[in-house]
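Visitor: In this note's numbering, the protein residues as written are 42 to 163.
Just so you know, these hints were derived from the structure itself, not from any lab. It is possible that some hints are incorrect.
Claimed, not checked - Quick list of in silico lysine-lysine cross-link-like pairs, DSBU-like style, CA-CA up to 30 Å:
#	residue 1	residue 2
1	K63	K123
2	K63	K143
3	K143	K92
4	K143	K123
5	K92	K63
6	K123	K92
Unchecked claim - Pair by pair, the computed Cβ-Cβ distance ranges are:
#	residue 1	residue 2	range
7	T108	Q158	20 to 30 Å
8	Q128	P68	34 to 44 Å
9	E156	P64	36 to 46 Å
10	T98	Q158	18 to 28 Å
What you are looking at is a predicted structure, and each value in this text was computed from that prediction instead of being measured. Heads up, the beta-carbon is just placed ideally off N, CA and C, and yes, glycines get one too.
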Amino acid sequence: PPPTTAIMSTTDQAPTTTEEYKPPVPPFTQETAAQKARLAEDAWNSQDPDKVKMAYTPDSVWRNRDTFVTGREEIRNFLQGKWDREQEYRLIKEVWAYTDNKIAVRFAYEYHNEEGQWFRAY
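When you get a sec, could you build the whole thing from the sequences and use the hints?
Guide: Below, the structure is given as structure tokens:
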């Protein structure tokens with residue numbers, strides 16, 4: 042299957058509370074962009090949709106094939122369904138490029154379905 046594409050909203054300023062957003066926050070450096078990508082990788086590999094949704098802004102918009110997901114609760118529900126179907130999910134992320142307020146990552150993930158067939162996406 043083709044990989045999931047996520048389009049994440051960003052702001053030019055760091056948020057004022059850590060409850061709403063997890064550091065590191067913009068502006069990004071090479072070090073903080075890599076740290077943010079690793080934290081996201083670890084969160085996704087936890088397969089905890091409540092944890093993962095908090096890594097994204099409240100107005101995030103995702104596209105996955107023909108499905109559009111907007112906001113944290115839709116992200117949570119999408120991920121719960123994804124991980125119910127995609128067993129032993131494992132993700133690897135690496136920073137491809139970054140600017141002060143955006144990070145582009147390259148990723149690969151693998152999983153198997155209920156029948157035990159393995160899949161890999163890039």
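Visitor: What's the verdict on K63 and K123, does the C-alpha distance respect the 30 Å limit or exceed it?
Guide: Given that 30 Å is the threshold and the Cα spacing comes to 23 Å, the pair holds.
Visitor: For a C-alpha distance cap of 30 Å, please report whether K123 and K92 respect it.
Guide: Holds: K123 and K92 sit about 15 Å apart, inside 30 Å.
Visitor: Given a hinted range of 18 to 28 Å, is it respected by the beta-carbon distance of T98 and Q158?
Guide: About 35 Å separates the Cβ atoms of T98 and Q158, which means 18 to 28 Å is violated.
Visitor: Given the range 34 to 44 Å, decide if the beta-carbon distance of Q128 to P68 lies inside it.
Guide: holds (38 Å)
Visitor: Taking 36 to 46 Å as the stated bounds, is the beta-carbon spacing between E156 and P64 within them?
Guide: For E156 and P64 the Cβ distance comes to about 41 Å; the hint holds.
Visitor: Assess, step by step, whether the Cα of K63 is no farther than 30 Å from the Cα of K143, and give holds or violated.
Guide: Since the Cα atoms of K63 and K143 sit roughly 15 Å apart, the hinted pair holds (cutoff 30 Å).
Visitor: Starting from K143, check that the Cα of K92 is at most 30 Å away, please.
Guide: holds (21 Å)
Visitor: Does the alpha-carbon distance linking K143 and K123 stay inside the 30 Å limit?
Guide: Holds - the C-alpha atoms of K123 and K143 are around 25 Å apart, at most 30 Å.
Visitor: Kindly confirm whether 20 to 30 Å is satisfied by the beta carbon distance between T108 and Q158.
Guide: holds (22 Å)
Visitor: Are the Cα positions of K92 and K63 separated by 30 Å at most?
Guide: holds (11 Å)
Against the hints set out earlier in the document, a violation occurs for number 10 only.
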